[in-house]
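**Q** Chain by chain, the residues run as shown.
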Amino acid sequence: MTSGTAAHLMPLAIAVPVLVACLMVAAGSRLPHHVLDLLGVATSLTVCALAAVVLTRSADGRVVTWNGDWRPKRGVSVGIPLVADSLSAGTALLIAGLMSCALLYSWRYYSPVRGYYHALMLLFLAGMEGFVLSGDLFDMFVFFELMGIAAYALTGLKIEDPTAVQGGLNFGIVNSLGAYFSLAGIGVLYARHGQLGLAPLGQRLTEHRADALTVVALVVIVTCFLVKAAVVPFHFWLPDAHAVAPAPVCVLFSGVMVELGLYGAFRVFWTVFGSAVPHDDIRGAFLPAGVLTAVVGALMCFAQSHLKRMLAYSTIAHVGLFTTGLATLTPEGTAGVALYAAAHAGVKSALFLLVGVILARHGHVDELKLHGCGRDARFVSWLYFAAGAALAGLPPFGTALGKSVTEEALTRAGHPWGPAVFVAVSALTGGAVLRAGFRIYLGAGPAPDAGGPVAIAAQTTGIEEHRETEQLSRTPRTMYAAVLLLLAGGLAVGVLPGAGRAFDHAAEGFTDPRGYAAAVLFGTAPAVGSPHHESTWTAQGVVLGCVSTAAAVLLAAAAVRAPRAPDARRARLRPFLRSLAAVRALHSGHVGDYAAWLLFGMTALAALVGVLPVDG
Amino acid sequence: MSSRGRLALFLLGAAGVAVLFATAFLGMPAFGSEDHPYRDLAVPAAVRHATANVVSSVNFDQRGIDTFGEETIVLGSVIGVAALLRPAQRESEQRPPPDRHRLESTTLLGYVLLPVTLVVGLDVVAHGHVSPGGGFQGGVILATGFHLLYLAGSYQALARLRPVEIFDRGEALGAGLFGVLGAAGLAATGAFLANVIPTGSFGQLFSGGTVPVLNVLVGLEVSCGAVVLLTHFFTEAITLSVGGRRERGGGT
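Sequences listed follow chains A and B, in order. Using the working numbering, read the first sequence as starting at 21 and increasing by one per residue. Using the working numbering, read the second sequence as starting at 5 and increasing by one per residue.
So that you can see chain B by itself, here it is in the shape it has in the complex (with noise of 0.2 angstroms):
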């Protein structure tokens, strides 16, 4: 199709569509508006299995296969990217390059962010279920934090620190293991993903159930998916080459 059929193709689609949803949008109830059947089921469910975030007691305990389903998705990506990005044959893998001067004050802030975002990293881990975070977040705070190693000190810093078939074992553990809690409820009470831990007290770190413990799972599964992938992605810029010759500028 020539470039202009196309513009028209699309203007014409994307005016229907517009007004597709320019129709439904019209028909919602108002922002803020009283009437919410999920929410006056939710609330109380989250309550009593004395989860204070609601949000993490919905995605964890209400929903939970939703979210086997997407941290699934998540090892789906990174398996996904490996297989994509493997080296190719005409690939082969290079020292990487000599790192380029940094300014101090980059240097120094990164060095002192690294365990702050680790630490903070942690925590919104592990309190997911009283406060609003939880596992996906964390997860991805931990893995930024890993990253801050390369941008304050060197490619050759980062790599020392993320073996990566270490990285790859925590990832599969992560997901592996809250399909085996998922099991474990199965084989309790009957139901996958029961909520099968007693709940404890509303608020407290010990209470929800399953949702903390499902929390450092996926925390566990995201921060080293996370890693794994830039990993993939910093291999195939920075230290593999075709035939001898650097294929992209790439990195530092």
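The following block holds chain A by itself, in its conformation from the complex (with noise of 0.2 angstroms):
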């Protein structure tokens, strides 16, 4: 197959979910449940299988498309190309995978209402793939707003609970403010440079000196991605929605949808702002802001009781640790997050799913009240300690592998504290996550009818949490296929032999906006350049894995009999648990301080880019 076969696919990948939606609009009430499942499941293969074969081709050089045929003359274009580089092309895989899982997950038992669902889903697909393989800027803005339509609507589907309606609403309305900044951010570049497209913007960037429009425009465009990649500020929607959308929603939420907020700043950065925007400028923004995003998230993540609440900060927190890999601005950082992400989706996506079940099971998800509810579930619980442990850096797992050559990146980019916040953050993360499945699975601990932990008044708990399907006394086996094929991918990315290689090689050609813009405008494919380092097991990655596995599991076990520590201990905790309350209290479901967060998030984003000096 030649790489223009592959480019032809890459519409396909956007417009096939699209058809197939159209149609189950148009049958209304009158396909049966499996029949919609059938479709909706076939349609995320077909995706997977077009995004396969453009993976591979891109292999090779990046696979360039121009929709309507409007080709460059001379390195110029009025149409809008779609662009797969490895990168795009394995994010591409990733979200019609994850997307094919959800579906699987939902055979049978998430009632269709009248196909909504899986149209929903299937338009959600588009606007992914469409948003991942799109070569140009305002482009990129349509198809981040298809999927955030369909990702609003999915978060309230359970309407009979208000508490959805209200994390559908605040989703919708962060995230809406995000993006009428960007577009205005689009229009300030387009009115200075006349071009939308990624490279051609990136050509005459090249041309001008950055003065203040390019560094406002530069804040602007990528305050949207950053809400949706749920940095702090700009994180508060994330858990409210999380909590409230339906399991298999949430496996595309948290497994790739945030993550693509963080894509789609970072393309933008390296395509268009590479080369006008000192580097330093902005690692001296997205450092601090990635380990504040990863601290804040792995606090609230520890503190939750509310099963998926407690999952969606711990998606906070690795979208921080994530941020701080891309800042480095090097191949081996981008490298290393890639695969980290890569793996992370398997896992948290798994994770995601078995407290469905958990859901489907018992009507809430309330980490005290489930106290040993689990222990007939063995093989359920296997899973769950299994992606627990995965969580935490457990070796040979995929996300161990990302940790670790993203610790090495850092560290190598002089930043020595980097395997300080990643083992630490993890050890949090996969320690809340394992002191649930102590509790539920194992019984451990006091039951909390008999003077164990009470929630606090004022905390989320997950009692409240509207079942999603009937109540299943059996778990059916479509529910478990989809938790084992997620794990398996998070593992398989740590263990495939030469998947380091491939990242490293996707890594490269991510951060080549000079390659990025012959391939696209000048229909040249020079070949992507070899990777001057190789991603793979290091003694150091291993041993900090374990490192922060073994505090994950110390800290869950201390957690799980915390009521009984001495009160000495406790007044020591204080101040800790204070400041901790203050956090927390920031986190007030209240739309208005999320706005007033947003805005303030822009100015400090601002201020640490263009204002802070940094010296490298």
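Residues of chain A clear of chain B, computed beta-carbon distances all greater than 12 angstroms:
{"#": "1", "residue": "Thr226"}
{"#": "2", "residue": "Leu349"}
{"#": "3", "residue": "Gln491"}
{"#": "4", "residue": "Pro517"}
{"#": "5", "residue": "Ala519"}
{"#": "6", "residue": "Arg534"}
{"#": "7", "residue": "His553"}
{"#": "8", "residue": "Cys566"}
{"#": "9", "residue": "Leu575"}
Here are a few chain B residues that sit away from chain A, every Cβ distance over 10 angstroms (derived from the structure):
{"#": "10", "residue": "Val59"}
{"#": "11", "residue": "Val116"}
{"#": "12", "residue": "Pro136"}
{"#": "13", "residue": "Thr148"}
{"#": "14", "residue": "Leu155"}
{"#": "15", "residue": "Gly157"}
{"#": "16", "residue": "Arg166"}
{"#": "17", "residue": "Leu209"}
Restraint ranges, calculated between C-beta atoms of paired labels, are given here:
{"#": "18", "chain 1": "B", "residue 1": "Phe237", "chain 2": "A", "residue 2": "Glu554", "range": "57 to 67 angstroms"}
{"#": "19", "chain 1": "B", "residue 1": "Ala92", "chain 2": "A", "residue 2": "Arg128", "range": "19 to 29 angstroms"}
{"#": "20", "chain 1": "A", "residue 1": "Thr544", "chain 2": "B", "residue 2": "Pro91", "range": "50 to 60 angstroms"}
{"#": "21", "chain 1": "B", "residue 1": "Val51", "chain 2": "A", "residue 2": "Gly609", "range": "46 to 56 angstroms"}
{"#": "22", "chain 1": "A", "residue 1": "Gly543", "chain 2": "B", "residue 2": "Val47", "range": "18 to 28 angstroms"}
{"#": "23", "chain 1": "A", "residue 1": "His486", "chain 2": "B", "residue 2": "Val184", "range": "33 to 43 angstroms"}
{"#": "24", "chain 1": "A", "residue 1": "Ala62", "chain 2": "B", "residue 2": "Ser7", "range": "45 to 55 angstroms"}
{"#": "25", "chain 1": "B", "residue 1": "Phe237", "chain 2": "A", "residue 2": "Arg497", "range": "34 to 44 angstroms"}
{"#": "26", "chain 1": "A", "residue 1": "Gly612", "chain 2": "B", "residue 2": "His105", "range": "40 to 50 angstroms"}
{"#": "27", "chain 1": "A", "residue 1": "Thr76", "chain 2": "B", "residue 2": "Val47", "range": "34 to 44 angstroms"}
{"#": "28", "chain 1": "A", "residue 1": "Gly95", "chain 2": "B", "residue 2": "Pro91", "range": "53 to 63 angstroms"}
{"#": "29", "chain 1": "B", "residue 1": "Phe237", "chain 2": "A", "residue 2": "His610", "range": "25 to 35 angstroms"}
FYI, nobody ran anything at the bench for these hints, they're computed from the structure. Source: prediction; values computed, not measured. In this text, a Cβ means the ideal position worked out from N, Cα and C, and glycines have one as well.
With the hints as a guide, bring the two chains together.
**A** Listed below in structure tokens is the structure:
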């Protein structure tokens, strides 16, 4: 197959799900449930196949297609290209793979309500594929909105539950607000340069000295991506939305939609602003933002007893780590994060689905009230503990490999504190998940009615969570299959020989704007340079992975026993607990607060990028 | 956060954002200045494809995939609203309340304007490639026309004119055929949404190749979508009740 044929497949990855969604809408209530399920899974698998072909071809150079046949002449065009380098093609495959697993999980057990659920999931798929493959700033924005629209509706799908409607609203308002600012930023950049393509904009910016307009445009445009990526202080919508969205929808939210925010921010930075804005300014802004996000996410994660909120905060913590890694602006940091994010998608998605199984069986997701409820669930408990340990960074899961490569990239880039942050955050998030597992599956610690821990009154518990399926006495095989596939994916990233090399190649292409512009505008396909560095297991990485896992187990065990801790030790913890309560109080659920934080965040980001001098 | 704290944070952030945008706007080229790289490319391209309305050429030909995404957003919004406003378990559908009396002048004006609005809508859709307008604008005008029936006549009259199933299908057909036409371009020339229909002569009704066809499809999708959208809001406000009691006064 020639790369031309592969290029033709890219628009189909967007159009096919849209067409099937139209079919579902046109058929209305006449399609039986199993036909909807079958159509949904078959469509996602088709997109998987398309993305896999494009990914294979992208190994030899970027795959480019110009929609409407408006190919550039002498490096300029009026049209919109779709561009696949290994990273975007791999992400396209990840999106379709997660969608397949999510729809497999919801097979037969998610009420189809006239095909709305399935149609929205497919439009969500089309939006994400379009976003990741587009090579045009405004076109990225259009598909960003498409995935947003589908995501807001999917969040509020459980209409009987008022918190679901609130979660969807908060999500919609905060994301739309960010998007409008970004649209204005795109307008500013277009007014100056008269171009919207990533590559042509990049070329124009190479010729112009970066001035205030350029920096403002950068800050404002990446705002909507950072809102989607839930970087602090743009993150408030995420736990509200994750807590109420159906479990298979959370798979896509945490597994890839949030990460697409970072993809968008750094894709735009590298291709458009990479040559104009000093890299140290970007590092000076995104390294602290990443660390802050990781720390806030990890602490909030450990403080939750609502299982879905816990996983949501863990996603924020990991996004913080990803941001920190990408902010090194090196190919190795990027490769490490891509590895980490791919494996995290499998592991975190598996955890969300396991919590979905708990919700289907017990009707709520509160860690404390579920005490001992899972004692009979042997197989599921093994899956849960494996996923929890993988989240904490247990080798040979891909999460451990990604974590190790990113840690080394940070150290090499002159940030020796990097590994410490990664280990601490992995231990806290993994520890929270394992702690819940100890309580639920092993019945560890005191039972809640026997003087055990009681949720603080103001805290959100998972008791109110509404069921999304009929009550299940036995977990259906399709649900297990989806969880197993996702966990196997998270493992495969770590153990498949050549995985590291493939991600190095992808990162090398992603961080090479000149090669990108040459391929897009002049159709020359310079081979992506061979990576200078090889992402592979190292002794230090394995040791740090084991350390973070062990720390997670200890934290979990300590937390389960905590109520019996002597008063002296509790007193020492008091200042820490008080500051944690203060951070927690900021997550108010009040959308006005979230909007105010968004504006503040934009200002702070601009100050960090534009004002603070940073020495490399 | 206390409301005072929220206000302080907001004012701080808003001041910063205002400074950011003021800085950016000051750096922008003056309004109407000569240098415009995209215009210099887009106008000749529109002329080459015999599309008199350059804006339509940009929207449906040169940057057609943007519009494919946008009309899919319309589709997604309508499905999303349908999913969120579906009757909840505790709600049941009731007969709509009897209509209040209307001024005869309102009724007369409504019935006179109804056919006129529909014709204007069709005209705006059909000539989107030669004069200002197009599928999005014309579609909204068409949907408005249908709802004059509600203002002039009654909710029951509107409900009779608007079998939702048909409009659902019209919306899906418009959105789906856009994608099919895109795929046809892919099959014929190897480029998605390529302009594969003969472009005709400049300024005529039959010109612009795929542009008028896509305009008609978008017109179909937007008009049907808007009708379906409003139907769901009407149903929620007028005919749904909670436990036998009407929740909101709503409607007529």
